[in-house]
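*Asks:* Below, each chain spelled out in residue letters.
There are 2 protein chains.
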Amino acid sequence: MNEPDRSAALAALRQTLPDRSLLTDPDLMESYRIDRAMFCESGMPLAVVRARETAEVSAAMKIAHEFRIPVVPQGVRSGLAGAANAIDGCIVITVEAMDEVLHIDEANRYVVTQPGVLNANLARTVAEHDLFYPPDPSSKEFCSIGGNLSTNSGGLCCVKYGVTTDYVLALEVVLADGQVLRTGRTTVKGVAGYDLARLFVGAEGTLGIITEATLRLRAAAEKPRTLAATFTDANQAASAVSTIVKSGVVPSLLEFMDRTSVKVVNDEFQLGFDETVDAVILAQSDSGGAPGDAEIEEIARILRDADATDVIIADSAQEADALLAARREVLTAFETLGTTMVDDVCVPRNRLADLIDGIAKIAVDKDLTIGVVGHAGDGNFHPTVVFDNSDDDESRRAHEAFDEVMMLGLQLGGTITGEHGVGLLKRGPLESEVGELSLSIQRAIKQAIDPDGILNPGKVFDR
Amino acid sequence: MNEPDRSAALAALRQTLPDRSLLTDPDLMESYRIDRAMFCESGMPLAVVRARETAEVSAAMKIAHEFRIPVVPQGVRSGLAGAANAIDGCIVITVEAMDEVLHIDEANRYVVTQPGVLNANLARTVAEHDLFYPPDPSSKEFCSIGGNLSTNSGGLCCVKYGVTTDYVLALEVVLADGQVLRTGRTTVKGVAGYDLARLFVGAEGTLGIITEATLRLRAAAEKPRTLAATFTDANQAASAVSTIVKSGVVPSLLEFMDRTSVKVVNDEFQLGFDETVDAVILAQSDSGGAPGDAEIEEIARILRDADATDVIIADSAQEADALLAARREVLTAFETLGTTMVDDVCVPRNRLADLIDGIAKIAVDKDLTIGVVGHAGDGNFHPTVVFDNSDDDESRRAHEAFDEVMMLGLQLGGTITGEHGVGLLKRGPLESEVGELSLSIQRAIKQAIDPDGILNPGKVFDR
Numbered sequence: 001m002n003e004p005d006r007s008a009a010l011a012a013l014r015q016t017l018p019d020r021s022l023l024t025d026p027d028l029m030e031s032y033r034i035d036r037a038m039f040c041e042s043g044m045p046l047a048v049v050r051a052r053e054t055a056e057v058s059a060a061m062k063i064a065h066e067f068r069i070p071v072v073p074q075g076v077r078s079g080l081a082g083a084a085n086a087i088d089g090c091i092v093i094t095v096e097a098m099d100e101v102l103h104i105d106e107a108n109r110y111v112v113t114q115p116g117v118l119n120a121n122l123a124r125t126v127a128e129h130d131l132f133y134p135p136d137p138s139s140k141e142f143c144s145i146g147g148n149l150s151t152n153s154g155g156l157c158c159v160k161y162g163v164t165t166d167y168v169l170a171l172e173v174v175l176a177d178g179q180v181l182r183t184g185r186t187t188v189k190g191v192a193g194y195d196l197a198r199l200f201v202g203a204e205g206t207l208g209i210i211t212e213a214t215l216r217l218r219a220a221a222e223k224p225r226t227l228a229a230t231f232t233d234a235n236q237a238a239s240a241v242s243t244i245v246k247s248g249v250v251p252s253l254l255e256f257m258d259r260t261s262v263k264v265v266n267d268e269f270q271l272g273f274d275e276t277v278d279a280v281i282l283a284q285s286d287s288g289g290a291p292g293d294a295e296i297e298e299i300a301r302i303l304r305d306a307d308a309t310d311v312i313i314a315d316s317a318q319e320a321d322a323l324l325a326a327r328r329e330v331l332t333a334f335e336t337l338g339t340t341m342v343d344d345v346c347v348p349r350n351r352l353a354d355l356i357d358g359i360a361k362i363a364v365d366k367d368l369t370i371g372v373v374g375h376a377g378d379g380n381f382h383p384t385v386v387f388d389n390s391d392d393d394e395s396r397r398a399h400e401a402f403d404e405v406m407m408l409g410l411q412l413g414g415t416i417t418g419e420h421g422v423g424l425l426k427r428g429p430l431e432s433e434v435g436e437l438s439l440s441i442q443r444a445i446k447q448a449i450d451p452d453g454i455l456n457p458g459k460v461f462d463r
Numbered sequence: 001m002n003e004p005d006r007s008a009a010l011a012a013l014r015q016t017l018p019d020r021s022l023l024t025d026p027d028l029m030e031s032y033r034i035d036r037a038m039f040c041e042s043g044m045p046l047a048v049v050r051a052r053e054t055a056e057v058s059a060a061m062k063i064a065h066e067f068r069i070p071v072v073p074q075g076v077r078s079g080l081a082g083a084a085n086a087i088d089g090c091i092v093i094t095v096e097a098m099d100e101v102l103h104i105d106e107a108n109r110y111v112v113t114q115p116g117v118l119n120a121n122l123a124r125t126v127a128e129h130d131l132f133y134p135p136d137p138s139s140k141e142f143c144s145i146g147g148n149l150s151t152n153s154g155g156l157c158c159v160k161y162g163v164t165t166d167y168v169l170a171l172e173v174v175l176a177d178g179q180v181l182r183t184g185r186t187t188v189k190g191v192a193g194y195d196l197a198r199l200f201v202g203a204e205g206t207l208g209i210i211t212e213a214t215l216r217l218r219a220a221a222e223k224p225r226t227l228a229a230t231f232t233d234a235n236q237a238a239s240a241v242s243t244i245v246k247s248g249v250v251p252s253l254l255e256f257m258d259r260t261s262v263k264v265v266n267d268e269f270q271l272g273f274d275e276t277v278d279a280v281i282l283a284q285s286d287s288g289g290a291p292g293d294a295e296i297e298e299i300a301r302i303l304r305d306a307d308a309t310d311v312i313i314a315d316s317a318q319e320a321d322a323l324l325a326a327r328r329e330v331l332t333a334f335e336t337l338g339t340t341m342v343d344d345v346c347v348p349r350n351r352l353a354d355l356i357d358g359i360a361k362i363a364v365d366k367d368l369t370i371g372v373v374g375h376a377g378d379g380n381f382h383p384t385v386v387f388d389n390s391d392d393d394e395s396r397r398a399h400e401a402f403d404e405v406m407m408l409g410l411q412l413g414g415t416i417t418g419e420h421g422v423g424l425l426k427r428g429p430l431e432s433e434v435g436e437l438s439l440s441i442q443r444a445i446k447q448a449i450d451p452d453g454i455l456n457p458g459k460v461f462d463r
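Chains as they are written, first to last, in UniProt numbering: chain V, 1 to 463; chain F, 1 to 463.
Some hints here could point you the wrong way.
Intra- or inter-copy, both count: the list cannot distinguish identical chains.
[Unchecked claim] Below, computed lysine-lysine pairings styled on DSSO-like, alpha-carbon distance capped at 27 Å:
{"hint": "1", "residue 1": "K263", "residue 2": "K361"}
{"hint": "2", "residue 1": "K263", "residue 2": "K366"}
{"hint": "3", "residue 1": "K366", "residue 2": "K223"}
{"hint": "4", "residue 1": "K246", "residue 2": "K223"}
{"hint": "5", "residue 1": "K246", "residue 2": "K366"}
{"hint": "6", "residue 1": "K160", "residue 2": "K223"}
{"hint": "7", "residue 1": "K160", "residue 2": "K246"}
{"hint": "8", "residue 1": "K246", "residue 2": "K62"}
{"hint": "9", "residue 1": "K361", "residue 2": "K223"}
Calculated from the structure, these hints are not laboratory results.
Sequences and hints are given; from them, build the entire structure.
*Replies:* Structural data, given as structure tokens:
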């Protein structure tokens with residue numbers, strides 16, 4: 001392929017887009033080069049298009065298509081797999097400025113939103129109408145709906161309410177040639193043609209740029225009751241989670257923090273946990289009233305039977321909020337300990353103890369700290385390798401540990417990524433998980449929808 | 001394209017498959033020609049492969065691929081859109097004999113099943129383990145899981161629990177060249193690569209043949225409480241449904257039957273409804289205990305406020321079962337009145353009254369009976385045109401009415417098919433709903449996955 005004519009493309013962008021939507025100054029573009037994944041390559045874009053509306057995304061995409069220039073779609077770059085990282089000479093199209101909630105349909109319980117809206121802002125906006133958008137990544141205050149869609153994000157209340165794709169009714173997507181596709185529907189059922197909307201969800205910007213989403217909402221849940229349980233043995237905590245899952249009680253949140261995680265948030269949030277604590281389980285019920293009480297009591301009973309040292313039901317909303325805030329901040333708090341690599345394995349929910357156990361062995365074997373925190377009720381953990389990046393040997397061991405944790409997840413019947421995506425970080429192991437045939441079908445679909453391969457090339461799949 | 005060498009293909013099938021898995025006698029093949037949609041064309045197959053295992057599906061598909069012979073995948077032919085209808089000279093591959101539930105994982109709450117298992121059999125099998133497979137089409141006693149997957153079937157409890165695709169974790173699919181793809185996972189979250197599983201769901205056998213499914217299960221629900229309400233004006237009933245949806249109460253079932261439907265089941269099941277009844281609403285709560293009582297009371301209150309003539313909460317399970325059985329049998333009961341064409345529109349849930357009203361106008365305009373029954377809580381209705389097929393003018397008007405009902409659904413912001421699929425019956429209107437661009441993307445995906453176009457050609461899309 002001939003090298004594209006980048007200066008002509010840039011001239012076309014300048015001619016077509018309003019000045020405020022186009023950044024070409026290298027200093028300004030610097031912050032658009034990477035997401036929050038560490039150790040992933042990133043290049044310098046030719047230009048950054050800060051689109052204000054679908055028409056601008058479409059116009060930029062048409063120019064990229066005409067000049068065969070790679071496009072990297074971006075939300076707000078909170079991703080953890082490098083999917084939003086710029087490629088040298090690419091056009092970054094960010095939807096961060098498309099941040100309006102467009103319409104709330106109370107009668108049919110859905111919301112139409114632009115993709116740059118932050119997850120927590122969307123949730124707060126619909127809550128004003130007594131409606132509930134459940135998916136709530138820990139990063140909810142600084143991750144966008146567009147990014148959530150592109151990685152099929154989960155979060156803390158997925159254990160009861162499912163993940164992003166479960167809330168998608170319809171999408172507007174700018175395709176590789178700049179055409180604007182509307183797909184899906186506003187009705188709760190429908191089987192007219194292929195489920196294209198759910199194909200774009202989790203595709204990490206390799207099939208199109210999501211410019212609008214119609215998302216299902218639920219009626220507001222009841223005020224949650226929160227419980228925390230401490231264990232002197234993380235394996236017992238993991239087993240207790242499996243018992244809760246099997247019991248049939250469905251908490252609205254069921255989270256796990258290991259010794260390292262507890263220590264780091266204990267120091268930061270003064271939670272008063274004892275030194276002997278090896279793991280903490282947090283659980284919520286949002287069923288309300290007597291059923292909510294019954295659920296929390298049943299969970300407490302299971303945890304006590306599993307030899308929890310302490311089971312505390314939060315007395316106040318403040319107390320509960322402090323616990324939850326601590327949980328949400330763990331990944332950020334790890335960064336105070338050193339350089340971090342955040343993994344994202346998800347295993348069958350009866351293999352949690354095996355996962356915890358296996359990770360502990362890897363940590364010992366590699367002589368490293370691996371903090372383990374996760375959405376225990378989903379079997380989705382974020383083992384985080386903490387290391388000194390200035391130490392070459394430690395860095396090497398850290399990368400090995402990261403890969404071994406992924407492989408452990410696969411061995412336990414799980415997946416290499418529950419909710420962060422493949423991006424650049426996990427392209428290698430992807431084939432180990434899905435197999436050569438699945439990968440060839442995925443590539444065939446990619447080729448069919450983006451024949452020139454200009455949409456986020458090198459992400460998810462090797463080029 | 002040259003005409004395929006059908007006699008060589010037949011010889012290859014005979015050589016490859018066990019005798020018991022291959023039917024070539026025209027008399028025996030006759031019953032494999034059509035599903036339950038009326039007025040759809042069907043041809044005579046070259047052979048019917050009654051596969052007992054995936055390897056047989058794969059072997060037959062490889063032969064079809066080698067000789068470029070169209071394949072029509074079939075479940076148990078209970079479909080209502082002609083998707084399973086044979087094509088002249090095709091190979092029918094039916095999975096009806098692959099009818100084993102393979103594995104129930106209680107700890108992780110999923111079931112692995114062959115596709116020929118009947119929906120109700122699957123539900124009963126998992127219920128023995130206190131587990132619950134919610135999607136429950138009215139045809140549950142005579143429709144297969146494979147067919148449910150291929151049309152993304154809904155049912156009566158979707159209003160609370162969602163549709164088939166919401167329960168799909170992993171699939172095994174035989175592809176157009178006979179290769180066996182396993183896609184998806186057993187974990188509850190995952191975003192490693194594209195969501196292929198959900199692309200095969202609802203594809204009506206045009207992308208592959210589903211030979212095994214891993215389906216999510218829920219803990220058994222509580223014993224439901226059932227309510228029936230009668231109205232002297234169907235529009236009031238429809239409005240009441242919209243009010244219930246908006247109230248935030250989520251019943252586990254919310255069904256609607258109009259005058260024609262009530263009359264036909266009243267006669268058959270001796271339900272004792274009055275002549276003046278213009279519509280009946282059935283509702284259930286399976287929340288159990290006090291919350292279930294509260295939900296039923298709240299629904300009853302809304303229905304009374306909407307001028308229901310009578311609101312009866314069932315005293316016994318028998319009474320409730322009789323009501324539900326009547327509802328499930330409506331479509332079959334309509335067949336006693338004449339020839340039927342069953343529609344499947346789904347509209348936003350605040351447009352129910354407009355839909356009922358519009359259908360009544362079409363019925364008057366065409367001088368026909370159109371019975372209306374449906375999953376009101378989802379906005380998904382099955383308006384059924386009843387007519388005398390021996391009367392040419394009436395037949396013409398019936399077909400016109402059928403199409404007008406679909407178009408009315410679209411005008412109200414809905415879809416031409418909520419859960420029956422496109423098949424042969426709705427290929428024409430599909431583009432009106434999804435648009436030319438979406439259709440071109442769908443065709444590109446079809447072309448990528450089935451380049452020779454041998455999988456169920458002419459279904460969903462025109463050839």
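*Asks:* Hint by hint, say whether it matches the structure.
*Replies:* Now for the hints, and whether the structure bears them out:
When the C-alpha separation of K263 and K361 is checked against a cutoff of 27 Å, the pair qualifies only within one copy, where the shortest distance is 20 Å, while the shortest distance between copies is 69 Å. In this assembly of identical chains, the alpha carbons of K263 and K366 lie at most 27 Å apart only when taken from the same copy (21 Å versus 74 Å across copies). Taking the shortest Cα distances, K366 and K223 never come within 27 Å of each other, neither inside one copy (44 Å) nor across copies (53 Å). Taking the shortest Cα distances, K246 and K223 sit within 27 Å of each other both inside one copy (25 Å) and across copies (20 Å).
For a Cα distance limit of 27 Å, the shortest separation of K246 from K366 qualifies neither inside one copy, at 34 Å, nor across copies, at 56 Å. In this assembly of identical chains, the alpha carbons of K160 and K223 lie at most 27 Å apart whether taken from the same copy (15 Å) or from different copies (21 Å). Within a single copy, K160 and K246 get their C-alpha atoms as close as 14 Å, and across copies as close as 22 Å, so both meet the 27 Å cut-off. Neither within a single protomer nor between protomers do K246 and K62 lie at most 27 Å apart by alpha-carbon distance, with minima of 51 Å and 42 Å respectively.
Taking identical chains as interchangeable, the C-alpha atoms of K361 and K223 are never at most 27 Å apart, the minima being 40 Å within one chain and 46 Å between chains.
In this structure, the earlier hints numbered 3, 5, 8 and 9 are contradicted, and the remaining ones agree with it.
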